[in-house]
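A.B. asks: Reconstruct the complex from the two isolated chains, following the hints.
Chains as they are written, first to last, in this note's numbering: chain A, 1097 to 1344; chain B, 111 to 227.
Treat the hints with caution; some may be incorrect.
[What the hints assert, rightly or not] Simulated pairs of lysine-lysine, DSS-like, Cα-Cα distance not exceeding 27 angstroms:
#1 A:K1182 <-> B:K190
#2 B:K127 <-> B:K147
#3 B:K119 <-> A:K1182
None of these hints come from the bench; they were simulated from the model.
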Amino acid sequence: MAGRSQHLEQIMENQARFDLNVAVENWRQELAAQPNLTVEVRRELETHLRDSIAGFRQRCLNDEESFWLARRRVGQPPQLGEEFVKANPAAVWRERAFWIVLLLAALQLWNKVCPDFEGKIVLHSPTWFSHHWASVELLQSLVYILPIICFVTFLANGRMNWMDSAFRFVFRSRLRFVTISLPVVLILQLFISSGSGEPADFVNAMYFTNGFLEMGSNFFIAEIWPLTVIALITWLMPTQNRRTPKRA
Amino acid sequence: MYKTAMLAKDLVAASSKPLLLSILADGESYGYEIIKKVRELSGGHIEWSDGMLYPVLHRLERDGLIESEWKEADNGRERKYYFISADGRKALKNQRQQWLAVHNTLSKLWKIKPASI
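Next comes chain B alone, as it looks inside the complex (with noise of 0.2 angstroms):
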């Protein structure tokens, strides 16, 4: 049976940022969180590395495009949220109409139906 391949690495560098910006556009969330989330969308092909979250989002805070806050969880421990900021906002949509570029040309070569812009 064909089975799919892990994302390779560069990929998963370059699709980190529309994945973290989509996430939190659904609403705050934390780091363990969007893992597990990113793991159950991708089907396990996405599958990233706790070291490597962390230095992503705090590169998207320092760009502005996020924003976070130390709130108490329900098991009563603190927990850094993140938010998307409005300049996050206006990245996600800039960063959405470029993947769907790429997604729509191989998708015309790879005659797929084309996704909507």
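So here's chain A without its partners, still in its complex pose (with noise of 0.2 angstroms):
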């Protein structure tokens, strides 16, 4: 008798310890860790395990046994891995391409925003590691670099709640990406040649065309890398299945 209140006691500790949240956040960081899931799949697969706890719940099964039911019914993350890669290839590398250039952007806005840095200079020649193997400056630039790698890897495996909604906001359609990213580049471009005296050049260049001429092909030719990395990820990104469909 005293053995079965004791077991009764112990079922009851562990329910009052278990937390849905944390069950749920602890699975959504075992699928991110699952290389070949996609966000969008994760998100998709993270809406079903809540459909199918909520379902438990339902016929009156309490939070731990409804998300252990639920999650078993999903699925092992390394086999959901292995089917959607089966399913798809083509989507599971076309987002890792997606990730490296969005990773790349992210270096370049960086060495622009944080122009006065000794280490600035991120994207060095082979050479250059060579010569400065093991040095200070190779460190230097590793500790500038680093907090940007972190944050696009940290962002890549859904483990941002608070840049969740910012990150979809901007990627929710390839327009709005284009009409988001455009203007800031533009303006940070400025905003950097105006810090190098150019616009005293840009007030003289207007009254000469050659002069304007020079100046808008040498703003454009400034202009291609980031332009070009913008054109990369608006066709890389993830969006086809976000389209609002034509119902039939």
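C.D. replies: Listed below in structure tokens is the structure:
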């Protein structure tokens, strides 16, 4: 009898200790560790898990039982990864390429925003690395780019809930991404140019058509890299599933 | 008492396309609801695993037979709803004829009343 009441106490204690939100969050992390699951697929699987938990709770099961049953129904994260990569390997690689380009863009942006930092030069040539191997400069450079790499990696793995909604807002559609990113890049470019005293040249150039054209072409060349990155991100971004469908 | 067995794996795979298209032809739906519907309609004989459903849905979407949209559900959370496309309806018509041809052939062999195509 005493053993039984102790068992009941144990069950009640376990139930009190079980936090559904924490459990779902841990499951999300486990899913995020699967390289073959895209952000959109993970989001879809999470809504499925939550629906499934709600379904079990309606059948009078407690949070913990509902979670474990739902989790089992959805399947093991590694197996899910395999199923999805079998179904569409191109989508997985496309998303990887998207994150790599986004990382490059973030590095470039970081480089422009903090122009006075000593370890500024981020994209060094291989010879630079061979000359500065195990040097203070290399270490500075790494310290400098590390926050950006961590930031993009965390974002890619869905570990930043607070950034998730902002990210979803910007990447909702290709048009929205272009209309937001183009002005940002152009304003940033103008801001950096004005810092180096170019506006005076710009004012002078206004009076000479040739100078103005030259200025325009220089500006265009300076913008080629960011514009290429924007074009690449726009092309690679995983939006094809988010358009409003034409109903049959 | 005779108990009907669960559907074999290859039959589950083959029947997933006409089943999904038929469910979506009735109206928009989402993953969890689709699985529930299939379980209920089949009397528990067809049990789709959640992990298997989404790759199939995504393949149908890539083939242009269905389309999807993230929409806010009654509980305030967003869910991905699937719809059938015009191409999907054509594919369903085609699938229907093929499955009924199989059904009718078997019906004649087993002396059961055939269905109308």
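A.B. asks: Between K119 (chain B) and K1182 (chain A), does the CA-CA distance stay at or below 27 angstroms?
C.D. replies: Answer holds: K119 (chain B) to K1182 (chain A) is near 17 angstroms, not above 27 angstroms.
A.B. asks: K127 (chain B) and K147 (chain B): Cα distance at most 27 angstroms?
C.D. replies: This hinted pair holds, its Cα atoms lying about 15 angstroms apart.
A.B. asks: Is the straight-line distance between the alpha-carbon of K1182 (chain A) and that of K190 (chain B) 27 angstroms or less?
C.D. replies: holds (21 angstroms)
Hint compliance for this structure: no hint is broken.
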